[in-house]
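Required output: the full structure, derived from the provided sequences and hints.
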Amino acid sequence: MISKPEKQLGVVPASRPVMPKLNLSFRLKDKRRRTIYGVIMLLMVTTLATVPTIIPKGVNLVAATQGLIDNIRIMFLHPAVSNTSFGSLVGALVQSIALAFLTTLIGAIFAFFIALMASRNLAPRWLIDIVQSAMAFVRAIPTILWVLIYSVALGLGANAAVIGLTFHSVAYLVKVYADSIDELPKDTLAALRAMGVGFWPLVSQVILPTVMPSFLSWTFIRFEINFANAVAVGAAAGAGGIGYQLFMASGFYFDFHEVGMIVYLILAFTIPLEIISYKLRTRYIKRAGK
Amino acid sequence: MEIRQSKQPNFFLKKRVRLSIMIGLLGVLYVGAAVILNFNSAAFLYLDRGMIWLFQNFIPTSQSITYWYSITQALLRTFVVAVAATSVAGVLALVLAILGAKSTGPSRTLSWVIRGFASIMRNIPIVGWAMLLLFSFKQNDFTGFLALLFLSVGFLTRAFMETIEDVDVEKIQALQVTGASYLQVISQAVLPEITTPLISWLLYMIENNIRDATLVGLLTGTGIGFVFDLYFKSLRYGPAGLVVLAIIILVIAVELVSNYVERRIAA
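Heads up: the sequence lines are chains A and B, in that order. For the first sequence, this note's numbering begins at 403 and goes up steadily by one. For the second sequence, this note's numbering begins at 372 and goes up steadily by one.
Derived by calculation from the structure, the hints in this document are not laboratory data. What you are looking at is a predicted structure, and each value in this text was computed from that prediction instead of being measured.
With a straight-line Cα cutoff of 20 Å, these simulated EDC-like cross-link-like pairs (lysine to aspartate or glutamate) come out:
| hint | chain 1 | residue 1 | chain 2 | residue 2 |
| --- | --- | --- | --- | --- |
| 1 | A | K681 | B | E533 |
| 2 | A | K681 | B | D537 |
| 3 | B | K509 | B | D600 |
| 4 | A | K577 | B | E633 |
| 5 | A | K577 | B | E626 |
| 6 | A | K433 | B | E564 |
| 7 | B | K473 | A | E676 |
| 8 | B | K509 | A | D657 |
| 9 | B | K542 | B | E564 |
| 10 | B | K473 | B | E541 |
| 11 | B | K473 | B | E536 |
| 12 | B | K473 | B | E564 |
| 13 | B | K473 | B | D537 |
| 14 | A | K577 | A | D531 |
Written out as structure tokens, the structure reads:
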């Protein structure tokens with residue numbers, strides 16, 4: 403009597419109908435897992451194979467690290483100005499900010515019109531492919547190389563810096579603007595078009611007001627990136643600004659007191675920027691990554 | 372009825388005035404910035420010159436093609452250094468992010484310390500890191516590696532922390548009420564949730580670091596940046612153009628691979 407229900411339990415084919423479903427989901431999960439493990443393994447192997455080869459031979463690592471820590475201490479604890487004046491450093495900072503502002507503004511204007519050609523909601527497939535490929539090409543070349551390339555064509559200076567930085571801004575903003583426009587429901591736009599709303603009224607009265615918050619947030623984020631780029635370009639291409647001062651103080655005068663001062667000035671500008679862009683991002687850009 | 376009619380033109384007028392003021396203000400700021408920088412807006416008429424230069428030098432000549440092997444060697448080296456720097460930074464950033472995120476961190480104070488640390492690492496310009504490290508570690512790949520590492524740690528810690536904070540607190544709590552330990556909660560609730568965005572951020576960072584490696588190389592005299600600088604400053608534009616071409620091929624290849632991976636791991 404007692405053994406009967408147990409036997410029955412064993413006979414009941416409860417797991418049969420579940421099996422195929424379980425198998426399927428397991429396989430799907432497996433493909434995803436394989437990719438994830440594969441990527442992690444690949445990164446790990448590359449890292450483990452690379453790191454031993456880049457440890458420098460002629461450098462005493464302990465002494466070098468000690469020197470680095472000393473210099474960082476000098477930078478942060480004893481900032482001072484010696485080769486230039488504080489006023490001229492602030493002037494250089496303003497120059498870098500102006501460069502970032504100018505390239506963001508010009509980039510945003512260009513990018514807006516190009517994004518209209520790169521959005522699934524507004525443009526035909528072939529045009530999107532052409533525009534997106536062109537932008538991928540522009541993005542693939544590092545900003546500093548764009549600036550150097552244009553410094554051959556236009557001469558070293560502000561003109562090359564502005565154009566070089568604008569290139570990347572446009573490529574970046576086109577991508578994010580087009581994504582924002584893609585988020586608008588296609589049906590709404592189709593309905594409006596069916597009502598006889600033309601292309602430009604549609605853009606200026608429907609699309610622009612709707613996507614404005616996310617456009618502005620992205621543009622601000624790009625401003626933050628452009629400022630970092632402006633500093634880098636100033637150093638590596640001699641385009642002036644706070645980056646050039648930083649390069650001179652560290653690479654020419656070896657004066658880490660002054661480097662500290664410059665870094666503090668830069669942080670005083672970028673940390674508020676970061677806080678603002680974090681607020682904008684969490685508020686206006688819902689599920690966006692980079 | 373009357374009120375609404377009298378308000379309508381006012382509404383559009385106001386809108387138009389506000390728009391005009393905005394455009395005017397931006398125009399003034401544009402001119403101001405251009406004057407400060409000594410930028411001549413006519414430069415945009417010469418956009419084609421850079422493009423022509425680029426495409427002319429992309430076409431390898433019999434002389435510049437001899438440089439191709441050494442260019443690809445240097446680029447490959449830069450690529451693996453960038454990957455290594457990003458991976459190491461990723462591991463460090465993950466630990467920091469778990470300790471620093473509001474939902475998984477042990478204390479509020481620690482969270483703020485880590486947040487501040489990440490912010491400072493990220494906002495010290497890459498030029499600063501490069502020059503600082505160059506001074507101590509001299510001219511070699513290790514300097515470039517560390518510069519990329521420091522910057523990436525700041526950036527990734529920030530990104531990972533935001534990702535972790537996006538995980539539902541309820542999922543974490545659900546495990547906690549079953550008696551799971553801290554490590555179990557992290558490994559069973561947090562990590563599986565964030566793997567996809569985590570890998571996506573890592574791949575993005577690798578792509579970014581390859582580009583930044585060029586800049587670091589220019590400043591510290593290492594890798595592909597140094598090779599470009601060498602040809603460029605000695606006016607050997609043919610090989611310099613090939614360097615740009617090689618970088619484009621690599622970055623686009625990495626972008627395609629990371630798009631492929633992201634599609635495959637999208638849950």
